[in-house]
Amino acid sequence: MLACPVGLAGPRISPDGTQIVFAAGGLFSTYPDLYVLRLDGGVYADGSIIRQITFDSAAERAPVWSPDGTKIAFASNRSNPGIYVLDIASLAVAPLNYIEPYGQLGHALPHHLDWSPDGSRILFEKLVTFPSVDANIASLDYPSSTVSIVVSDPVPLRWEDIARWSHDGSSILFGWSQNSVHGISQYIPASGVETLWRTTGHASFDWSPDSSQIVYSIYPGGNLFVGPAYATGGDVQISFVNTDFHVDWGLRP
Numbered sequence: 001m002l003a004c005p006v007g008l009a010g011p012r013i014s015p016d017g018t019q020i021v022f023a024a025g026g027l028f029s030t031y032p033d034l035y036v037l038r039l040d041g042g043v044y045a046d047g048s049i050i051r052q053i054t055f056d057s058a059a060e061r062a063p064v065w066s067p068d069g070t071k072i073a074f075a076s077n078r079s080n081p082g083i084y085v086l087d088i089a090s091l092a093v094a095p096l097n098y099i100e101p102y103g104q105l106g107h108a109l110p111h112h113l114d115w116s117p118d119g120s121r122i123l124f125e126k127l128v129t130f131p132s133v134d135a136n137i138a139s140l141d142y143p144s145s146t147v148s149i150v151v152s153d154p155v156p157l158r159w160e161d162i163a164r165w166s167h168d169g170s171s172i173l174f175g176w177s178q179n180s181v182h183g184i185s186q187y188i189p190a191s192g193v194e195t196l197w198r199t200t201g202h203a204s205f206d207w208s209p210d211s212s213q214i215v216y217s218i219y220p221g222g223n224l225f226v227g228p229a230y231a232t233g234g235d236v237q238i239s240f241v242n243t244d245f246h247v248d249w250g251l252r253p
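Take the sequence shown: its position 246, counted from the start at 1, is 246 in the numbering used here, and no numbers get skipped.
The set of hints was computed from the structure by calculation and includes no laboratory data.
Any given hint could turn out to be false.
[To be verified] Distance windows between CB atoms, simulated: (1) Leu196 - Asp16: 29 to 35 Å; (2) Ile49 - Gly25: 17 to 23 Å; (3) Ala89 - Gly17: 16 to 22 Å; (4) Asn97 - Gly69: 20 to 26 Å; (5) Pro220 - Val43: 34 to 40 Å; (6) Gly41 - Ala89: 40 to 46 Å; (7) Ala229 - Asp87: 29 to 35 Å; (8) Gln178 - Asp56: 32 to 38 Å; (9) Val236 - Ala45: 39 to 45 Å; (10) Thr232 - Ile50: 16 to 22 Å.
For glycine and all other residues, C-beta sits at the position ideal for the given N, C-alpha and C.
Given these sequences and hints, build the entire structure.
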């Protein structure tokens with residue numbers, strides 16, 4: 001697991017556990033760019049353990065690795081606010097054919113990207129502006145860029161935000177908020193069944209590598225908890241420093 005310090009955002013561990021990709025702004029640049037960090041004791045070509053991989057004068061956020069570790073999808077407003085894919089070997093960036101519409105919130109970047117285990121779909125938080133401001137969990141087919149809503153409101157004005165695929169691709173863990181109540185639920189795409197797992201203020205969460213547990217950070221508070229998946233109760237607090245918000249549970253290199 002990785003708890004990210006202040007100034008860095010959205011850390012994601014590579015599928016083989018050897019690198020982290022994250023967005024950083026202020027410490028390194030005026031606008032957030034993407035960086036990778038070695039975890040395996042190795043170095044990049046310049047001899048460093050950290051490498052900048054985007055250089056555009058725009059906001060780059062929410063990076064996520066492809067299942068084979070060769071690409072990184074991310075959100076950017078570099079030409080139009082949408083989802084882009086970077087080839088990790090060449091650093092070439094290509095836009096996917098999707099543009100997030102501007103809305104009443106003053107931003108239009110897709111948020112909280114997650115790539116499916118089979119590489120065919122990318123989940124993200126999609127802004128909805130009609131008939132009211134809302135957010136749903138959407139899926140973008142890769143590479144066709146066809147977008148569909150995966151999780152939407154069973155009742156009006158529930159705001160869905162973070163979503164993570166289980167490691168076998170059969171289930172989606174997602175966060176939501178409504179009328180000052182926050183929760184983490186499971187959604188099974190094949191059946192359309194939704195099950196509440198936790199009622200808690202969450203900043204981020206993830207599955208364990210075998211999908212038997214979940215880890216989540218509390219907001220406000222900034223501490224981490226681990227508990228069983230597919231059940232409620234039995235959660236254990238594992239951090240106590242009040243600064244842990246962005247969490248990703250990856251393999252040890």
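Hints, one by one, checked against the model:
Between Leu196 and Asp16 the CB atoms are about 34 Å apart, so this pair conforms to the stated range of 29 to 35 Å. Take Ile49 and Gly25: their Cβ atoms lie about 20 Å apart, and the range 17 to 23 Å holds. For Ala89 and Gly17, the Cβ-Cβ distance of about 19 Å falls inside the hinted range of 16 to 22 Å, so the restraint holds. Between Asn97 and Gly69 the beta carbons are some 24 Å apart, a value that agrees with the proposed interval 20 to 26 Å.
Range check, Pro220 to Val43: Cβ separation about 38 Å, and the 34 to 40 Å hint holds. In this structure, Gly41 and Ala89 break the distance hint of 40 to 46 Å, their C-beta atoms being roughly 21 Å apart. With their beta carbons about 33 Å apart, Ala229 and Asp87 fall inside the hinted range of 29 to 35 Å. In this structure the supplied range 32 to 38 Å holds for Gln178 paired with Asp56, their Cβ-Cβ distance being about 36 Å.
A hinted range of 39 to 45 Å for the beta carbons of Val236 and Ala45 is consistent with their spacing of about 41 Å. Between Thr232 and Ile50 the C-beta distance comes to about 39 Å, which lies outside the given range of 16 to 22 Å.
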